[in-house]
Amino acid sequence: MSMGTRKGRHDPLKSNQSAQLHTLEALMALLLVIGVIIYTVQATSLTPLTSSTANAHIEAQLQILGQDMLNSLDHSEYGQDSPLKQDILNWNGKYYTWDSQQYRSKSGENLTNSSIAEVLRSVAVGRGIAHNVEFAWIEEGGTMRSMPYIYNGEPSDNAVVITKRVLLSDSDFPEMNSTSFRQNSGIRDADQSTDLYNLIDVKLTLWRM
Amino acid sequence: MAHVKQKWQVFDMKKWNDSAQMILIAGFAIGIGIVVLTVMLNNIIYASNTASEANIETNVFDFSNTVKVTTQAYEKAYDNGSIDNSYISNYTSKMAMSHAIAGFIFTLDNDPLQEPYFTQNGLRSGDPDWVVVERINQTERLELVINTSSLGDASNCFVVEALNQSGSMFWSARIFNSSGTHYVNVTNSTDILRTYDIGSGSPSLNITNNTPINFYFDTPTSGEQYRIRFINGDNASGTFTLSGNLSNGQPFEIRRYHVLNTTMSLNKNGHLELNVTIPVTLPRGQL
Chain P
1 MSMGTRKGRH
11 DPLKSNQSAQ
21 LHTLEALMAL
31 LLVIGVIIYT
41 VQATSLTPLT
51 SSTANAHIEA
61 QLQILGQDML
71 NSLDHSEYGQ
81 DSPLKQDILN
91 WNGKYYTWDS
101 QQYRSKSGEN
111 LTNSSIAEVL
121 RSVAVGRGIA
131 HNVEFAWIEE
141 GGTMRSMPYI
151 YNGEPSDNAV
161 VITKRVLLSD
171 SDFPEMNSTS
181 FRQNSGIRDA
191 DQSTDLYNLI
201 DVKLTLWRM
Chain D
1 MAHVKQKWQV
11 FDMKKWNDSA
21 QMILIAGFAI
31 GIGIVVLTVM
41 LNNIIYASNT
51 ASEANIETNV
61 FDFSNTVKVT
71 TQAYEKAYDN
81 GSIDNSYISN
91 YTSKMAMSHA
101 IAGFIFTLDN
111 DPLQEPYFTQ
121 NGLRSGDPDW
131 VVVERINQTE
141 RLELVINTSS
151 LGDASNCFVV
161 EALNQSGSMF
171 WSARIFNSSG
181 THYVNVTNST
191 DILRTYDIGS
201 GSPSLNITNN
211 TPINFYFDTP
221 TSGEQYRIRF
231 INGDNASGTF
241 TLSGNLSNGQ
251 PFEIRRYHVL
261 NTTMSLNKNG
271 HLELNVTIPV
281 TLPRGQL
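Going down the list, the sequences are from chains P and D. Residue numbers for the first sequence follow this note's numbering, beginning at 1 and rising by one. Residue numbers for the second sequence follow this note's numbering, beginning at 1 and rising by one.
Just to be clear, a hint being listed does not mean it is correct.
Stated by the list, open to error - Here are some chain P residues pointing at chain D (derived, C-beta under 8 Å): (1) H22; (2) E25; (3) L27; (4) V36; (5) Q67; (6) G79; (7) I138; (8) L167; (9) S169; (10) R188; (11) D191; (12) S193; (13) T194; (14) L199.
In case anyone wonders, no lab produced these hints; they're calculated from the structure. Just so it is clear, CB atoms sit at the ideal spot from N, CA and C, and this is done for glycine as well.
Please take these sequences and the hints and turn them into a complete structure.
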């Protein structure tokens, strides 16, 4: 009896080993579940921080900003010419660069009486948004030609371009004389037999430095 | 008995070991599954957000710009009651070339000129009740030429009225057909000041010049800031001219002699991006 009892006696060490293994397994499972929960919670905040998402968001903002600026410039009140059209008609063919105080041409001439410059100064310059403005038109041979009106350097890869079309007619010029305008800007009369002068694409390029 | 008991206990522990390992493996599988699903869901959300942010809908601005420039082209091409087709043809050519660079095919077509109604867009189906000009300081010229064959009866008369800043009418001219005779009733806010038989055909009513009758317009509008409104404009067709100065000092002028329907379309990659028919009142039928 005693031999059987001695042989059949419960071995506490073996039981402890099994219990420890079970505990270890439970701990590993718990760690695994907690790790998964933490990863799941953290994962949703990762995507907005990637650089490509930030770029797309900035481009979208610039697109809307540029569209709003050109829309406001192209608005004509009470049958008058829009500020955008007036700036084109008053253009002397030169391009201007922002020198941290005003828009100045290569020859030192300041850009005055320009609604485009006023809007860009108050909106883009204040926000540190680099900008170019170009006037483009179709030449006689069907090729597109563009000239800068405001030039502040080559745009970066994430630049956005917003375009507005403006119609010029012979009757828009004072006394219907477009000679000086043609000589200064290089924009020719596309149709001398009618009142149509030309169709100008105003291209506004915005980018963040 | 103790030996059998021990063996049974050992067997039970082995069974529990297997179960524990199965549970652990199941835990691993569930964890990996959750991770994979989360990563896939994040990728889907990220891709859709990037796609929607990167593709801001700018076509609507391009289309509205096209409509506006085309309207201006027709206003410039209008000359003495007709359209200069050479102007429109050259304009269409320039627009087609300009749009072609962006991959669009631009086409433009128009219907013949027709007599406008006094609705907002000049068509009979347009809004019959509308404010022509607001914040008027002074009216230099208000002249209407009415086609009496289109006039409604007294209960649906065409009305030209002036309203003050609080929206109260203080002057009106009511033009209607009463059993084949065509009248204009000039009223203030309370009384009929004058009733006049304007005749048939296309009589001209120059309200500011008091021709052919005194319209009593100058005195009540002097020194007042007001707006001019048309009511039941679909019950009268004809032309009108309205010019003057606004309260901010800016001049204004509206001349509506004709209306035409113009159809423009923009096609890209075989997909019709824009196909719209809009009425254009000429030579400058709306502010």
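Status of each hint after checking the structure:
1. H22: holds (6 Å)
2. E25: holds (5 Å)
3. L27: violated (11 Å)
4. V36: holds (5 Å)
5. Q67: holds (6 Å)
6. G79: Where the cut-off is 8 Å and the nearest Cβ of chain D is about 6 Å from G79 (chain P), the hint holds.
7. I138: At 5 Å from the nearest chain D Cβ, I138 (chain P) passes the 8 Å test, so the hint holds.
8. L167: holds (5 Å)
9. S169: holds (5 Å)
10. R188: violated (12 Å)
11. D191: holds (4 Å)
12. S193: The hint holds - S193 (chain P) has a Cβ within 8 Å of chain D, the shortest such distance being about 6 Å.
13. T194: Holds, because the Cβ-Cβ distance from T194 (chain P) to chain D comes to roughly 4 Å (cut-off 8 Å).
14. L199: holds (5 Å)
The earlier numbered hints that this structure contradicts are 3 and 10.
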